[in-house]
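In order, the protein sequences belong to chains A, B, C and D. Numbers in our numbering are just positions in the first sequence, counted from 1, shifted up by 1456. Numbers in our numbering are just positions in the second sequence, counted from 1, shifted up by 1456. Numbers in our numbering are just positions in the third sequence, counted from 1, shifted up by 1456. Numbers in our numbering are just positions in the fourth sequence, counted from 1, shifted up by 1456.
Hints were generated in silico from the structure; no laboratory data involved. Small disclaimer: the values here were computed from a predicted structure and weren't measured. You can trust all of the hints, since none of them are fake.
Identical chains blur together in the list; that is why a pair holds if it fits in one copy or across any two.
EDC-like mimics (lysine to aspartate or glutamate), calculated; alpha carbons at most 16 Å apart, straight line:
(1) Lys-1518 x Glu-1506
(2) Lys-1681 x Asp-1697
(3) Lys-1587 x Glu-1742
(4) Lys-1773 x Glu-1554
(5) Lys-1648 x Asp-1599
(6) Lys-1638 x Glu-1665
(7) Lys-1537 x Glu-1560
Given next are the chains, with one letter for each unit.
Number of protein chains: 4
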Amino acid sequence: MFKIGLIGYGYWGPNLARNFNVNPDIQLSAICDFSESRLELACRFFPQAETGKDTEKIFKNKDIDAVAIATPVSTHYDLAKQALLADKHVWLEKPMTETVQQAEELIELAQKKNKVLFVDHTFVYTGAVRKIKELVDKNELGDIVYFDSTRVNLGLFQQDINVIWDLAPHDISIMDYLIPLKKLSVSATGLKYKGNGINPKSMLTIDMENYVVAHINVSWLSPVKIRQTLIGGSRKMILYDDNHPDEKVKVYDKGVHIYETKEDLYRLNVQYRVGDMYVPKLNNQEALAVEAQHFADCVIKGEKPLTGGQAGLEVVKILTAANQSLKQRGAPVEITN
Amino acid sequence: MFKIGLIGYGYWGPNLARNFNVNPDIQLSAICDFSESRLELACRFFPQAETGKDTEKIFKNKDIDAVAIATPVSTHYDLAKQALLADKHVWLEKPMTETVQQAEELIELAQKKNKVLFVDHTFVYTGAVRKIKELVDKNELGDIVYFDSTRVNLGLFQQDINVIWDLAPHDISIMDYLIPLKKLSVSATGLKYKGNGINPKSMLTIDMENYVVAHINVSWLSPVKIRQTLIGGSRKMILYDDNHPDEKVKVYDKGVHIYETKEDLYRLNVQYRVGDMYVPKLNNQEALAVEAQHFADCVIKGEKPLTGGQAGLEVVKILTAANQSLKQRGAPVEITN
Amino acid sequence: MFKIGLIGYGYWGPNLARNFNVNPDIQLSAICDFSESRLELACRFFPQAETGKDTEKIFKNKDIDAVAIATPVSTHYDLAKQALLADKHVWLEKPMTETVQQAEELIELAQKKNKVLFVDHTFVYTGAVRKIKELVDKNELGDIVYFDSTRVNLGLFQQDINVIWDLAPHDISIMDYLIPLKKLSVSATGLKYKGNGINPKSMLTIDMENYVVAHINVSWLSPVKIRQTLIGGSRKMILYDDNHPDEKVKVYDKGVHIYETKEDLYRLNVQYRVGDMYVPKLNNQEALAVEAQHFADCVIKGEKPLTGGQAGLEVVKILTAANQSLKQRGAPVEITN
Amino acid sequence: MFKIGLIGYGYWGPNLARNFNVNPDIQLSAICDFSESRLELACRFFPQAETGKDTEKIFKNKDIDAVAIATPVSTHYDLAKQALLADKHVWLEKPMTETVQQAEELIELAQKKNKVLFVDHTFVYTGAVRKIKELVDKNELGDIVYFDSTRVNLGLFQQDINVIWDLAPHDISIMDYLIPLKKLSVSATGLKYKGNGINPKSMLTIDMENYVVAHINVSWLSPVKIRQTLIGGSRKMILYDDNHPDEKVKVYDKGVHIYETKEDLYRLNVQYRVGDMYVPKLNNQEALAVEAQHFADCVIKGEKPLTGGQAGLEVVKILTAANQSLKQRGAPVEITN
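Next comes chain A alone, as it looks inside the complex:
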């Protein structure tokens, strides 16, 4: 068992606290936030944890082995750096950092310090995504041809980041987990919103190796919540609807065939295999609980994080390219590797 301090008890922090608290390997021993009222709440629900406004106290506390950082993205780099320098393992919210360089620095520092650098890409730990990964790994889908994700809702605006940085990390991290191909370039467009620089609705196209493409549609301006991903493989296709109560993953026995000549295309009509659909049973354990246990295993047993610094860096690279493309109204921006 090891001790963890939590910095940031706003929207997401309480979920981390609750899951750390029930994990047998983790002891939630400190909670830090700048808001008095948030600290009161923290104190009420987690009386055993020390609460306070001073992050220094957590970094200096030798008993604390790990720090979870659930603050605005602009503070991630500084706080994570301090934590690593103070020899703490780090759990960092998504997106990992504001820049590619910051992410690379943290990765290097964690390596030097031999500490776990863990990025909270929660969706990777859902029963749905793990089941899809299992199907991909067993080659049930064949070659993946496309990934098409819609994540829209009537959201609260973030003041410091646009909708791409807010919502797309979920889709990008799922995509990167399922399709570990090299990402080549990003095109992003979006609602300009009277030129005030805030982007509340956006479309991303990510080109990968082997002509694989991802389309991601994110928005804070939808009257309904939609979280729907289509994944097309050469053998089967998947519809992953995260809102569906008990049919989140549908596997269609229909494959996309890829043809290289026009002549091949003429034969396409009969090539579409149309067959049964099935809905696999999913593990219903809360994703954060699974993730907290995996983090504990990384800290205690030295396991390699499924969503470590490198996964976090991949997301930041794509987000950074997306922001550049957005300024050029969709012109493709290469991803440097």
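Following the hints, put chains B, C and D in place on chain A, whose structure we already have.
Chains B, C and D alone, transformed into the frame defined by chain A:
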């Protein structure tokens, strides 16, 4: 009552024939196709119509007042031009022509000949779209901020056009009907499909005046059929789901507020009005029947087509720009006006 | 190929005419109805068929081999009897007759005359029900434990029959086809509707051998159309939703275990097998087309009807018992065999 | 603020504890259960409450003003009686008691002792049911004609009660709250389950004054969870789907007209008003939180319980009649008043 000749009895032609046949103002008097077996079918269902392979016979027949053209897009310009030159009114399938110049020529010719040039943008005549138009015209939605449409299915490949030219005309014509703002530029990306030039999955972004944006997602590679459009207004928002049997149009009492300064954004949380949703009753008449009657009214009473040459031209302009942008992997292409 | 005469061109008759018309083994040669305007319609769509008001003409016509009867149920017995006496094969709408005795007479007469007596239980010929039957026959479901069907809509009232006789024949014929067990008794309750004798909403319970039970909920007073059947087996369960566009039959890998002692019940928690669900591909051919072909095969090749007089009689027995139980407000009425 | 002791920390008890705990007027001061492991859990989440196995300690504790009883129904009467005799207010789980007489005794005793006797009919406090009640009270529905509820799932068997006593109290309490008419008789049928006396699937018909009828379908044997209620009024109808995430209550502008003569019925076709549907915004507060506050208001301010002893008694009367009818396979059993 006037006589019509139908050229093309493939996938869509039979629907035209059936609707022309039951319209009291229209007499279906000739059907033309290149396929013997299609003509046999036509003969069986419409014994009163003359059938044959020679389009010339239709153009030369003085009794025929109008010609409906339901052939591949590459033949639209030639056939429509011949029809107009032979003093026929023209019903033309979408997309109207292969190039902007062709569309402009046909418009000019129709004007000179004083004939109706009618483009079959069927969705404009559905009960759903007409109801939405009614709400827009009554300013129930307030200022429209965005239009976001998904039209995907497990489609048959078209050999002569890509998925944008096949499916997006539906969404573009609906959008243009509901939001008659000036279209400024188009960005299009898509699945490259091993470089064979066929594009079976695509994303379009259309920038309009007043910072209004449209996102359109079209695909032939989805395991499920989705036809879903979100329309965001400053007062209300709409979800239009064409697949839903009896709840096609949902009107949400939630509006998008547009803010021009960051300070305004901080107050946004409480500004989202969240209220009731309602599902208006729609007219269930078949869209093509409504459209056929409107065409008859244009021919007989001189009404102005809701979807005339100009509407067809708008669609071709956007499709043309989309094709250019697609080659530049999403770089925006201005729409010339 | 044989000739058929159709009596009754009201709500259902046109569907029969259309399907007989396209069947290569059937020639629709006469249509009879009492309404002038209906006959005009019939004439327009089926110019090759003779139309008229006199049923005698059909019975006397030696060229006509079969008669389809799509008239109100009160006329079924008389018309079918005349048809059989005139040596015609008979296609009879559901419910077969008004009384058990009438049904038995017709069965006997058909046997004596060696003619096909076919009852139109359309749902038996749907892709969905045939697929479920296939699963039952392969013992995929194990022992069937219950059948629970809801068939409600905002219907038009029938003036001559209550909702049980109007809607329940569908569910009863499906049930009888899937579960050919002996039916023991019926309990029926319903909305009394101010004592006017018309029953527009009803619930049926049918007890069968082996403690199997069926519950059937029918109504003309629902604001929405629901057609949903649950079938519970000892190995698997099925949800059959006839309204779903492409997921009509869902097969759950969850079985009902039957326990005979209380001690067994204590172990039940862990006994529920919960597993995957799958949606088999169905044959999408129109049920009536399949049924018309089967009728033709019975007439021409002497095949035994899947839904012959005996199947029709079973339904009438249950409906008759239901009416008696309804008068006794749910008291069970035995089914005599 | 008053102190409450909770007896029973099994399936439902923790929900009560959690809601009592956050209510500003209630102090959860004791938790009692027979299971050591349940008490450990209680202790962990509610360290401020005393825990133990002895109910006597709670009854004797003069500081405790109220007792919440969340134990099997067979113990309700004894525990509630002891609590009232010890001058405690009582929160009692549903169904209130095993017999009508027990319920009547408790009501009398509570009156004599001048204590609150509160029955936990949770659904009455949901935003959905309160909204429907509001519509009923405003006469939006007109006269209610029927109530039709389905509540099925793959449930755990209860060892001491059948499915009617387990699930139907929810529907009956909702029905009784919305339709406060006199209940006349009950007919109940169900799956007999090889004669072992356990009834895991059942249908109820409840006849009320004014020819109003309720149909209730409950089952532990469904592969899917359905919680759906149709309510038909003479002016509007409602579909209440408790499983729908954001469209739980749909109000259809379609009314049922009641006719008293056959002649009236002939005019029915045009009488169905078919119009818009709307989905009112609901209060999303957890029902138990609303209910806990109402209980506190009853205890502190002397408000009259919305779901007091009389409401609990009504449910027990119907359940009792249902059990009798079940033994007679559906024969109607009068409800004594």
